[in-house]
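Peer 1: As a plain string of letters, each chain reads:
Number of protein chains: 2
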Amino acid sequence: MLSRFFSGNRAVLARMISRVENDRAVSDKVLDHIFQQVKGAYRIGITGPPGAGKSTLVDRLVSDFRKQEKTVGVIAIDPTSPFTGGALLGDRIRMASNLGDPGVFIRSMATRGSLGGLAHTTQEAADVMDAFGLDVIILETVGVGQSELDIVEAADTVIVVLVPESGDSIQAMKAGLMEIGDIFVLNKSDHENADQAYMELSSVLSLKYGHGQWNLKVIQTVAHEAKGLDELMREIRSHWEYLSGNGKLERKQRDRIRKRLKIKLERKLKSDFWTENRKDLFEIFVTRLLNKEISYAEAIKKLFEPELTDKKL
Amino acid sequence: MLSRFFSGNRAVLARMISRVENDRAVSDKVLDHIFQQVKGAYRIGITGPPGAGKSTLVDRLVSDFRKQEKTVGVIAIDPTSPFTGGALLGDRIRMASNLGDPGVFIRSMATRGSLGGLAHTTQEAADVMDAFGLDVIILETVGVGQSELDIVEAADTVIVVLVPESGDSIQAMKAGLMEIGDIFVLNKSDHENADQAYMELSSVLSLKYGHGQWNLKVIQTVAHEAKGLDELMREIRSHWEYLSGNGKLERKQRDRIRKRLKIKLERKLKSDFWTENRKDLFEIFVTRLLNKEISYAEAIKKLFEPELTDKKL
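Sequence lines, in order, name chains A and B. Residues in the first sequence are numbered from 1040 upward in steps of one, following this note's numbering. Residues in the second sequence are numbered from 1040 upward in steps of one, following this note's numbering.
Errors might be hidden in some of the hints.
In this list, chains with the same sequence are indistinguishable; a pair is considered to hold if it fits within one copy or across any two.
Calculated lysine to aspartate or glutamate pairs in the EDC-like style (CA-CA distance at most 20 Å, straight line) [to be verified]:
no. : residue 1 : residue 2
1   : 1266      : 1103
2   : 1068      : 1337
3   : 1341      : 1067
4   : 1331      : 1067
5   : 1341      : 1311
6   : 1340      : 1140
7   : 1309      : 1346
8   : 1256      : 1315
9   : 1068      : 1140
10  : 1303      : 1231
11  : 1341      : 1071
12  : 1307      : 1344
13  : 1109      : 1280
14  : 1256      : 1189
15  : 1341      : 1229
16  : 1078      : 1234
17  : 1109      : 1174
18  : 1266      : 1344
19  : 1301      : 1346
20  : 1331      : 1319
21  : 1109      : 1315
22  : 1301      : 1311
23  : 1307      : 1108
Treat the hints as calculated values from the structure; they're not laboratory data. Just so it is clear, the structure is predicted and the values come from calculations on it, not from any experiment.
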């Protein structure tokens, strides 16, 4: 299976990602086999409120990267999947221009069923795509929950997509989008309030967030007409050069590794700790605490006794 | 100090809460000394969007409980404290009707500085108030983040306060408030849209959330004129009777203990694990992972070697 994976078999890539998504033990094994092939594909995170036109924009970006002879992977996260399975599929199908292109691999992921671990799973799926040999990986999500923000923060370049609606930049600030964006896109900028929204957003960015070395810009686009896409591609390129030039790319990769290793360690720490014995005793101590027969300190002391890791009480 | 605490010294109560808030080690010690005196004061959580009139409502509830000869503790959480220290103080001062009453103890808590642990700290502060002998404890917070929802969920009865504004019940649904409320208050119900908002809210509740044994109701109030307060107090009493009648109160207390014991255990587990040696080695392995000299599985195996808990490498 690994040899077929490395020879570029897309069906095997799909199966590998499913395994990473569905089974933690298998996932760890898979990643251990491919880690040396994770080359550091360029990772772009795209987020923004629902209806901002992210899917269309991603579709355009994919086409533009394809023109540059880059292969592209897309991971689209749908945070409301239990109810919108159909809508999501609809979104994906709208990416018609890239359907059937062997240099493009698109994958949807549902937040349902990966409670607390979505950011982790997404990164691992990105690693699989990376090891497969894709040059650019786009992580797309609706910026609503912390988990979704974590995902895009795991990217090298984060694009925040907004639309010209009154108060939209204030909402974005509240949702924490302003802090994570490297590039801001004002999509649907053929709308009537576009100029005012552009001014508002630019001034908010320059006032509050424009003091780093990287100069935050607002790019105006009309994704469905491909307007502004050249400028956006140039800005993405600039940000990549900025990151590579001063060692920031490596620092980002280091941070990603640090976070992931920590999660893996603490997961093992917990699973080693919660033996069946200990789980049983835990419930007994909960009852004793309820009856005030024991203090928390005493309960904790007892639950840390090493013999509890044995299989018999 | 403990004897002065148990003899009802309010200054000592204040100091004990500060200790619980500021120092985890001291907090554990304090709680271990008082746990047998935690009698199970009735805990009421109050949440809702900013400007819904929660503070005024709390003030009225406190007065009403005082008329019933109950002593009352209030813990008010301000999620935006770094910027609104002044505003918060203003709110508290508006609780003028209960200032100086020795049967009322009011405490503000800032979310700042207790990252990730606010719900935990709040519950421990409530335990201190409980052990001090207060009969009713009101936990008030603005329902915005998960941490704030956790706090009110730790209460026996959760009151969600809304105001008649268009789309307010939809916002409340999005924020997860509908799921946690036992009683819904439509405050400022002298406003023009009040009747429509009442209908809307009632129908949403009966449609989506009215299928349990407890019958969710919307109480209309005008807090600053004390209108609807009698009905609200009756509803609180009914919910308490409902909880006590069928063992639900004990189940809630058991859940609280379970959550807290788990948090304390896993906190100790992590702090035992992260010795100085291990932290140093962790950084070394991050570099090796970056250079692809080692896999995650190998790094984890090495970092779990027991000798790393020693003080020397």
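Peer 1: Against this structure, judge whether each hint is valid.
Peer 2: Hints, one by one, checked against the model:
{"no.": "1", "hint": "1266 with 1103", "in the structure": "within (12 Å within a copy, 63 Å between copies)"}
{"no.": "2", "hint": "1068 with 1337", "in the structure": "between (39 Å within a copy, 11 Å between copies)"}
{"no.": "3", "hint": "1341 with 1067", "in the structure": "between (33 Å within a copy, 16 Å between copies)"}
{"no.": "4", "hint": "1331 with 1067", "in the structure": "between (43 Å within a copy, 16 Å between copies)"}
{"no.": "5", "hint": "1341 with 1311", "in the structure": "both (17 Å within a copy, 15 Å between copies)"}
{"no.": "6", "hint": "1340 with 1140", "in the structure": "neither (60 Å within a copy, 41 Å between copies)"}
{"no.": "7", "hint": "1309 with 1346", "in the structure": "both (16 Å within a copy, 19 Å between copies)"}
{"no.": "8", "hint": "1256 with 1315", "in the structure": "neither (55 Å within a copy, 42 Å between copies)"}
{"no.": "9", "hint": "1068 with 1140", "in the structure": "neither (30 Å within a copy, 64 Å between copies)"}
{"no.": "10", "hint": "1303 with 1231", "in the structure": "neither (49 Å within a copy, 55 Å between copies)"}
{"no.": "11", "hint": "1341 with 1071", "in the structure": "between (37 Å within a copy, 15 Å between copies)"}
{"no.": "12", "hint": "1307 with 1344", "in the structure": "both (18 Å within a copy, 13 Å between copies)"}
{"no.": "13", "hint": "1109 with 1280", "in the structure": "within (17 Å within a copy, 67 Å between copies)"}
{"no.": "14", "hint": "1256 with 1189", "in the structure": "neither (22 Å within a copy, 38 Å between copies)"}
{"no.": "15", "hint": "1341 with 1229", "in the structure": "neither (67 Å within a copy, 57 Å between copies)"}
{"no.": "16", "hint": "1078 with 1234", "in the structure": "neither (41 Å within a copy, 62 Å between copies)"}
{"no.": "17", "hint": "1109 with 1174", "in the structure": "within (6 Å within a copy, 68 Å between copies)"}
{"no.": "18", "hint": "1266 with 1344", "in the structure": "neither (65 Å within a copy, 57 Å between copies)"}
{"no.": "19", "hint": "1301 with 1346", "in the structure": "between (26 Å within a copy, 19 Å between copies)"}
{"no.": "20", "hint": "1331 with 1319", "in the structure": "within (19 Å within a copy, 41 Å between copies)"}
{"no.": "21", "hint": "1109 with 1315", "in the structure": "neither (50 Å within a copy, 44 Å between copies)"}
{"no.": "22", "hint": "1301 with 1311", "in the structure": "both (15 Å within a copy, 15 Å between copies)"}
{"no.": "23", "hint": "1307 with 1108", "in the structure": "neither (41 Å within a copy, 52 Å between copies)"}
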